[in-house]
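Student: Starting from the known structure of chain A, fit chain B onto it as the hints suggest.
If you read the sequences in order, they're chains A and B. The opening residue of the first sequence carries number 1 in the working numbering; numbering runs sequentially from there. The opening residue of the second sequence carries number 1001 in the working numbering; numbering runs sequentially from there.
Just so you know, the hints here were simulated from the structure itself, not pulled from any lab data. There may be inaccurate statements among the hints.
[As the list claims (entries may be wrong)] Distance condition first, Cα-Cα at most 30 angstroms in a straight line; then the derived BS3-like pairs of lysine-lysine:
(1) 151/A with 1089/B
(2) 151/A with 1027/B
(3) 1089/B with 1027/B
(4) 162/A with 1105/B
(5) 152/A with 1027/B
(6) 1105/B with 152/A
(7) 1105/B with 158/A
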Amino acid sequence: MNSQNPAIIGVGRTKFGEHYERDPESLIEEAGLQALDSAGITRKDLNACYLSDYFLQVTNKIGLEEGFFSELLELHVPMEKTRSFSSALLNACHAIQSGKYDLVLVGGMEKMTDRWDKIRDDLMLLEDPWSYYAGCTPEANHELLLNGYAKKYGIKGKQLEKLYTALAQISVKNHKNATKNPQAQYKNPITVEQVIKARGNHCKSLGLFDFAPVSDGASALILASPKAAKKCSDIPVYVLASSSATDYITFPSREDRTGFVATTLAMQTALKQANVDLTEIQIAELYDQSTLLEMLSLEDLGFCKRGKSWLDIHKSCEDYQGFYEIGGRKLYVNLNGGLKADGNPLGATGGAQIFEIFKQLQGKADSRQVHLDGEAPKLGCVSELEGFGTKSYIHILGRN
Amino acid sequence: MSSEPIERRVSYIGDRLRASQCTLCGKEYFRGKNYCGSCGRKSFGKMKTIDYFYDQGTLEVSTLVNQPTNRFIKMGSYIYGLVSFHDGKTRVPGRLTDLLIQDGKTDVSCFDGKNVVPRFRRRHTVGESDVIPTISLAFTVADGYYPHQKYEIHKPTKEYETPGIVGYGVYTSKFRIKEGNMERSVPFIDEDAVTAAVDAGKLALIHSGVDKTLIGKVYVGSESNPYAVNPIASKVAQVLKLGKEEKTGLQSVDAIDTEFACKAATSMFKDAASLVYYPKTNTDYAMAIGADNSQAAPRNELGGELDHFVGFGGSAFIFGMHDVIAEMEGWYSCTSDTPDFWRRDMQAYPRHGGRFTGEPAYFKHVIKSCKTLMEQLKLNLDDIDYFVPHQPNLRFPVKVAKQLGFKEEQYLPSLKVAKFGNAYSGSSPIGLAAVLDIAKPDERIVLVSYGSGAGSDAYSFMTTSQILEKKRRQKFTVNHQIDNEHLEYVDYHTYRRLKHGL
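The following block holds chain A by itself, in its conformation from the complex (with noise of 0.2 angstroms):
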């Protein structure tokens, strides 16, 4: 490990679903005073904190997010806020590197269901507004995605049913994992019958449960300097990569249609930055926007051959043992349920992520808790994406 990481000393996060009798103010709280729990330091140990959401100014007509912290906390440092969760925590990582900072806490939330009715019409706009006017719908881009793949890979007849049962099982998986987290925002197992039958119409590749619920939540971390996370943490989890990429916001203007390059371009930075192997991660929480994406960042981010991931997730799916066996290798994937079952508060979201690679790394996660050769796993890696693959950001984790 390289003592210059920044570490991850305590995670918060509530439960992720419809929160109709509270305010985003009461959801950010009880997130930060948990990770500020968890650890073991108080809101005047802060430095600065980093915020992130997407939607507030649109859902809760609230601009200024910091003042309403700096109220909530009684704290005059200085703050800042972006979209997801990932781009808050790259932001504090930078911040602690340059030495400027000890103690940061990164928060963020989101409260979609103030705006239940509009939410499509909002997600899509803020993913592509041209092909808004064009009458794409959040959900259709991802079909246009699926159906581009297959034709790119010639995938056809009873290949292509296979495919789509695969996309079902991943769904599946998610719910099976989803069981074993209180915080999840759907925790009732479903089966591959019930998939495929939510997509009705025998043209519709994706149906309902493809797709991630909107959701209602916060998520926060404590981020430490090296020498402050030895001071305060038996088990910090150090940050070993915080990268970035972004692509065009139009998606038919990208080169590539059948994958996202920012989510390989930023994994390839990550790997370097964390001077680690593809093969070294064990556990991993991908951006399952819908299952489609679980299965194409399997692919972006290099852990399946292009055009074969389906095949690996239908095979590791048949007897599910609990992670995807991929070329001899184990990898386990969206722990906690995914964005799928654990839910999709856009600006918390990555939050949570974090969350469950931090439990698992520390060998905290309960139930949930994987073993590699009678251990916590040691290295993870986060995949979160803004918009539709126009902004992915990879952190990879690792424990001493």
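Tutor: Structure of chain B alone, referenced to chain A:
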């Protein structure tokens, strides 16, 4: 979109599919750029403005959307996908329009790989007081009802002494309602008088081969403009790039809407002809459009009788002194204060005077103007090859033709009301176009329009030898729109829904 400046910018690009091309490497960008990403700084000032308005694209990959976003919900289910232009040099998002998809029943898997034509349509639903958003990211298949046609400029070869028609276009939609012996054109849900006007104008440009920058004025006659204030003509001028295009996003052209019930367009024919005849105006050509999504109250409401006759469509005629296909020999108009059909401000549907619309209105005016024109030009009945009356229903035009003494072979070729319904401002002009489609050189056509309120315009046109050579340039003829395997028939409920629009 509730922001007018954003709406203006999106429409400016989207209505015409404006793009740019690097003259150094050929790379293309939808939504033009000032430089090319591949060529960098040396491409500054070397980007050519292009657009895909008259191009044909390919639907590369698509999917069925059966749960649209809020603003698209009234469209029902549709196909959405990626359309590529110029062999994949650029890609745009697109929705297939003119498709009624029944969930689970319609085969939607057959569209990938098809050639598609961009269509100028309403974009999506907005609030009732908002600016109406439009876009040409709607497409129809090129092997369907609306064929792909290029717009080619033909240098004029002959100058005439009398102004006349140099080209024309008729646009009616793919959908029909059939009741008894009458078929009527029904707009798709994203169509209205504005889109029909643009489509008709586009077809007239294609047919005439006239350089669009030489058009000095455009008139749009309509009684179903979706705006009380805001012209259709400005949209037509901008989308069709009429007149010289200025760098500031302006067109050097005059544009005006006119309204006089069903004669709003025909009334301007003489103005258009006079304008191009007037020396030193630099107005080589003028375009007169009549377009209507003809309104009618539902059948069980007052004024609902009209619901049996109303159609949808547009016509456009370009007048000039060069390469004329039909010279305007003369005209006569008459007017009286006869309120036989009207629509009050803020009212959705017109009302009419029942039997009062007949003898003292339609017949009185049409007969007077036709007879006076014939007297003025010293015409006998057998000097006239074709008689084109206004066609509000099946009965009136036949009765008036007989009263005037015309024979069936003189008036039947122009009667299209049984195929399209009454397209209001487009009604008699569609009849004129139907006759021009089949006319030979040196034939005389008498057009007599009627507009409630009331008035009538009578014109005499004499075809020239050039009518034949121009016929080849138009595939989307009136007959093509009548006798077409791709026509789709809808029931009454669907007809009302589509007509009501977004």
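Student: Given the proposed pairing of residue 151/A with residue 1027/B, does the C-alpha separation stay at or below 30 angstroms?
Tutor: With Cα atoms ~25 angstroms apart, residue 151/A and residue 1027/B stay inside 30 angstroms; holds.
Student: Between the alpha carbons of residue 1089/B and residue 1027/B, is the straight-line distance 30 angstroms or under?
Tutor: holds, 7 angstroms
Student: Given the hinted pair residue 152/A and residue 1027/B, is their alpha-carbon gap at most 30 angstroms?
Tutor: Within the cut-off at roughly 23 angstroms; holds.
Student: Between residue 1105/B and residue 158/A, is the straight-line Cα distance small enough, at 30 angstroms or below?
Tutor: holds, 22 angstroms
Student: Would you check the hint for residue 151/A and residue 1089/B, treating anything up to 30 angstroms between C-alpha atoms as holding?
Tutor: holds, 19 angstroms
Student: Can you confirm whether the C-alpha distance between residue 162/A and residue 1105/B stays at or below 30 angstroms?
Tutor: Answer holds: residue 162/A to residue 1105/B is near 24 angstroms, not above 30 angstroms.
Student: Between the alpha carbons of residue 1105/B and residue 152/A, is the straight-line distance 30 angstroms or under?
Tutor: OK: residue 1105/B and residue 152/A at ~27 angstroms, within 30 angstroms.
Checked against the numbered hints given earlier, the structure satisfies every one of them.
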